[in-house]
Each structure stands twice: as structure tokens, then as C-alpha cells.
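Peer 1: With the hints as constraints, model all of the structure from the sequences given.
Chains A and B are the protein sequences, given in the same order. All residue numbers for the first sequence refer to our numbering, where the first residue is 1 and numbers rise by one. All residue numbers for the second sequence refer to our numbering, where the first residue is 1 and numbers rise by one.
The set of hints was computed from the structure by calculation and includes no laboratory data. Everything numeric in this text was worked out from a predicted model, so none of it was measured. Glycine is no exception: its CB is placed at the ideal position from the N, C-alpha and C atoms. Please note: incorrect hints may appear among the correct ones.
[Said to hold, decoys possible] Once the Cα atoms are required to be at most 25 Å apart in a straight line, the calculated SDA-like pairs of lysine to any residue come out as: (1) B/Lys-93 - A/Leu-28; (2) B/Lys-240 - A/Cys-17; (3) A/Lys-68 - A/Arg-99; (4) A/Lys-196 - A/Asn-334; (5) B/Lys-249 - A/Pro-25.
[Stated by the list, open to error] For the chain A half of the interface with chain B, some residues (derived, Cβ under 8 Å), not all of them: (6) Pro-21; (7) Leu-184; (8) His-206; (9) Lys-207; (10) Thr-208; (11) Leu-273; (12) Pro-280.
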Amino acid sequence: MQKYLVIFLLAIFSFSCIEDPDIQPNNLGGNFKALWEIIDTRYCYLDYKNINWDSIYIVYHSQLSYAKNEYELFDLLGKMLDELKDGHVNLYSSFNVSRYWNWFTDYPKNFNDSLIYTDRYLGENYRIAGGMHYEIINNGDIGYIYFGDFEKEFTDTNIAYIFNYFSHCKGIILDVRNNGGGYLSGAEQLASYFFKEKTLTGYISHKTGPGHSDFSEPVKIYTTPHKNLRWLRPVVILTNRMSYSATNDFVNRMKLAPYALIVGDKTGGGGGLPLSSEIPNGWMIRFSASPLFNSKMEHIEDGINPDVPKNMTKIDEMNGYDSIIEEAIRRIKNAYFSMAY
Amino acid sequence: MKRYVFPIFLVIVCLKVFSQDLSSPVYSLTTTNNLYGVTFIHLLDNYLSPLTYDGIGFRYDYSSRKYLSPNNLKLSRENQFNLNIAVTENPAKTSNISYLGMDYSWGLHYHFRPAKNVQLLAGSLWDIEFGLKANSRNQNNPMNIDLATNLNFSGMAIYDTRILKYPFRFQFTFSSPFLGLMFIPEQGESYYEIFELKNYSDILHFSSFHNKQGFAEELTIQVPLKHTTWKLAIRNDYLKYSANEMVFKRNDWAISLGYVFDIYKFAGRKNQPPANCISPNYK
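Peer 2: Here's what the structure looks like:
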């Protein structure tokens, strides 16, 4: 009987163990602190980017008293988030979205979305499948695909038709400039059509605790070739600074594809998988939570360098040429790749 | 002797198919309850948000009870199923979480009859629960799954009485989980990493009083009218659990109305209905 009583009392004692988490009050100070703490405990690049988040608290908290309304509070919090220099960090209110765009605004555009629809490239009667705009260019021997959004979903059937249409082409140009990202699964699926064998192409880890260095063991990311749909001929990927997020992941995988070449400008980066949370006034915060790495365990947050750096020139543009596409055509025609097909 | 019977309910007893002697005057009927109600729900899911969400929803409860043997009124088996659908909002009303929850439990109770018209049931229920919470505003963590299995203490007090000329049954039910297993991902881990990259580390957690505290209590009033036995229920569920430095809460209060009836199952070759029972299945 005494034994049962001890067990019962231990059970009752255990009932007091789960503490409610602290929730900040819904006022200026509470919302500021809640946002600062979310980044402090859950943002994954504070150490990598050498950001002194404690100092940033002091600097911006001192300005809090000047915020007279929700708009000024939003602007202050947005400026604080800009210190992270991360395109995956946004504060969403009912009237505005804060953003950091310097990862592409500080660099040449290297893309002209009117030029790619001229007769030299896609023309007016291009085909559309699964969000891809495609056509045969350069007198019939090169396939060109513009894919601008990894939020658009495509199927194996879409790709089969595209590859079939290009079946007599020497190579494909796959243009992902100005593709700001979307579904990571789409990046993996698109890359799978260009690999011969299962290849280790990267790693991912995630925060396991509130400390700036509390990370899980990295998990390997493989690109597995599609079981029956593959393009094993030259493929040139075109990139610019607005190739971001899932596009950055796609380019990272394609760096290791056997017949791929990356031409253009460095990608914009965006190597942190973002998650969401919110602060007491209901504003949502999106932030990088899980860092992605390349196959050498190097961060890809700052972007991926092309194999062939190339910028568009004004003279070419004025004459109706996209310098980066032209470079890709040259590379395919000159058989840059040493492979047999 | 009676004090040794109760602990046995921690072990699940396999169902035994009774071969009924149809000429026997004693049948073990199954009493079923179907209740439909409105629920007021309070959610906290740290994987989706640090804020609590409140809302309203619909609840359906099914339960059935049957004595294991018509000749032994001390042991009964119990099945329960409930379904909960609700929409909740954060305090600022800028975001909502849609909730779908289901729970199935099975167990045994021992019946004590300390006084006339009073029954006390004590036993255990094993349950499996599944829930889905979706916050469409979130990116890459737009939903979280509740998946757990528990052993629960279960107790009931039943009082039968007559008010005016009607037989009323008042029943109070209480249950609480004491042992189980639950799925809780790490706060910074996306479902992409768990299910696409198959990183299953630290997602399953043993649960007991130290990290899972909860109870479900229900008061019902049952009265048979001319052709239907009606049941009114008021229910209060409280659940709080934590793992991976996150806290989760689900509290709901529901008021339900439903009906009760008894059934006997005829099925198969060995348990066909007697001649005076006409069934489209046989004629």
C-alpha cells in the first residue's frame, strides 16, 4: 500500500513540471523583444555572418520610444531585420512586408525579359509546359527553356514532351535567371533529369536549441537520377543575382551534374530554409532556420559562382543579343564538354 | 479477490468471439452512443506559433460498451471514437489555424456496485490519436501533426434514478493518459527534412506525467423518451505536453446532444438470426 502511495505522490509531483512558455505582452516593448528573441534563438546565420545581435538590440531598442504608431514600429523592426542581410527574412503586417533586396539590387541585372521573347530566342509561338517556356533556337540545333519560378509545378510528362521536342538538339540552355525560388522539391526534381548516378550534392542541418551554435548533425542531400527520363547531353544553366533560394539549391546540385555548365553571374544565394513564427501583435516573421551546404560543407547562403562568369553588355542588348545566352550557344556548339553521346 | 482484478486492466485482453446459443434467453447487447456537439477550443502549438489560438468547432463522439459475457456483469469492453474539427484565430485575428483531430480508444472496465442504482467503473483505455493543425500563412512549417498513442486511466460513476416518471441516468467519466509515445519534431526542423530526407532523429518521445498532463471529463444525462433515448453531454478536455523545448496545449469544452441504442450483432454462419428476426441479408 505504501509503495502505491509513493508512486501516486511522485505522479502528482510530476504534474507541476510543464511550465507555460513566456509570451511577451502586446505592446511596443513586448513586440520588439519577441521579434528580437525569435531571431536570437532560431535564426541560423548569426555566427556565420558574425552578427552581434546583442548590440543590435541595444541600438534599436534605444529608438523604440520614437515609434509613435504601428507604421513606425514596423519600419524600426524592418530596419533591425535588414542588419541580417538576408532575403529570406521578412516581417509581414497587414499593411506592408519588410524585405532586404540588396542581394540583387547592388549588382547588374543581367537579364532582359523582353529580349528572351524576341524571334532570335523564344519568339511569339513558344511552347509552354509546367511553367516552362521553351523553343528550339539557333537554326534548330539548341533547345532553350526559360523557367522563372520554382513555385510552378511541372510533371515528368511535361519534361518528357520537352526532351522529345529537343531530341535532335546538341544541347539545352536552361535559363533560371530572375527565378526567385519556390519549392525545394521542384529543384530536386528538375536536377534529377540531368544526372547519371546518385550523387551527394549537399547537406542540411537545423537549430536544435537557442544557442547561436546549436545545430544538428548535417544530413546528407543526394540528387538521385530520374529512373527513366534523363538528358545526358550538354546543358547550360544561366544564372544571375536574382537566381535565389530554391534556384540557388538547383544550381548547387547542377554544379555536380556530369554534362552541366553554369554560365552568367553568381547566384543571389538564399541558402537558409526559412520557417515562420509571429509576434504578439500578429505580425508574421519569416527567417532562415535551416542552413543548406554544398557537397564540401560550405555555406551557399552567399551564392554560387558560375563556371563561366558572363555579364550582358549594353551593345549586345541594343543589337538584340542576350550576351549570356550567346555564350551558352557558343559553349554548346564548340563542344566545351568532353563526353560521348 | 476484487482488489487483484483491477490492475489486470493494464494488459489488453483479446476479444473472444462468443458462439451464442440462440435459444438462450440471455444476450449480451452492445450499448452505443452517438453525440454531436459544438466545441470551444484553445490551442498552443509552438512548432507553428508562440501564440495561443482560440476558436469554435464541431465535435462527434461515438462510444460502445458491452459486457464480455452476459453471465458476468463485472467486466465490459469499451470502444470510443471522437472527431473534432475547428477553426481558431490568434489574439490579433491576423492568422488562423485549422484543426482536425481524431482519437480511437479501446479498453476494459471493471464494474463495482457499491449501492443500489450506483455503478463505479474502473479500468484502462488504450488510445491512438491523430491531429492536423494547419496555418496557411506559415512558410515551410504550414502544418504540424499530432500523433500519439497512450495508455489511460479510465473511471466512471453511473447513477440511475427516476425523475417524475422517467428513468434518468447520470454518468460522470474521467480519463487521463499515464504512459505513451508521441511524435514531436524539433522546432527548427522542417517536415521536408523529416519526410523527404528521412531524418527521423529525435521525433519520437516517451510520454508520461513529466511531459504529458491531461484529462478528459464528461458529465452526461440520459433519458429514454417514447422511441429514442436521448443523451446530453458536457465535456472538458485538457491536454498539455512538451518535448524538444516546445510546449503544446489543447483544451476544449464541448456541449453535445445525441442518442443511445442497444444492438446485437448477427453475422457469419455460426451466428445467424433466429427465425423470428427478418433480415434482407438472409431473405
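Peer 1: Work down the list of hints and note, for each, if the structure agrees.
Peer 2: Consistency of the hints with the structure:
Taken as a hint, the B/Lys-93 and A/Leu-28 pair is honoured in the structure, with Cα atoms around 18 Å apart against an allowance of 25 Å. As the CA atoms of B/Lys-240 and A/Cys-17 are separated by approximately 11 Å, the hinted pair is consistent with the 25 Å bound. Simply put, A/Lys-68 and A/Arg-99 have alpha-carbon atoms about 22 Å apart, close enough for the 25 Å limit, and the pair holds. A C-alpha spacing of about 23 Å is found between A/Lys-196 and A/Asn-334, which places the hinted pair at or below 25 Å, so the restraint holds.
With a CA separation close to 19 Å, the supplied pair B/Lys-249 and A/Pro-25 stays within the 25 Å bound. Residue-level restraint check for A/Pro-21 holds (minimum Cβ-Cβ distance to chain B is 5 Å; threshold 8 Å). Hint on A/Leu-184 holds. Least Cβ distance to chain B is approximately 6 Å, under the 8 Å limit. Interface hint status for A/His-206: upheld, as the beta-carbon distance to the closest one in chain B is roughly 4 Å, under 8 Å.
Taking 8 Å as the C-beta contact cut-off toward chain B, the hint placing A/Lys-207 at the interface holds, the least distance being around 3 Å. Using the Cβ-Cβ criterion of 8 Å, the hint placing A/Thr-208 at the interface with chain B is satisfied: the shortest such distance is roughly 6 Å. A hinted interface residue such as A/Leu-273 counts as satisfied when its beta carbon comes closer than 8 Å to some beta carbon of chain B; here the least separation is about 6 Å, so the hint holds. A distance limit of 8 Å between C-beta atoms decides the matter here; for A/Pro-280 the minimum to chain B is near 7 Å, and the interface restraint holds.
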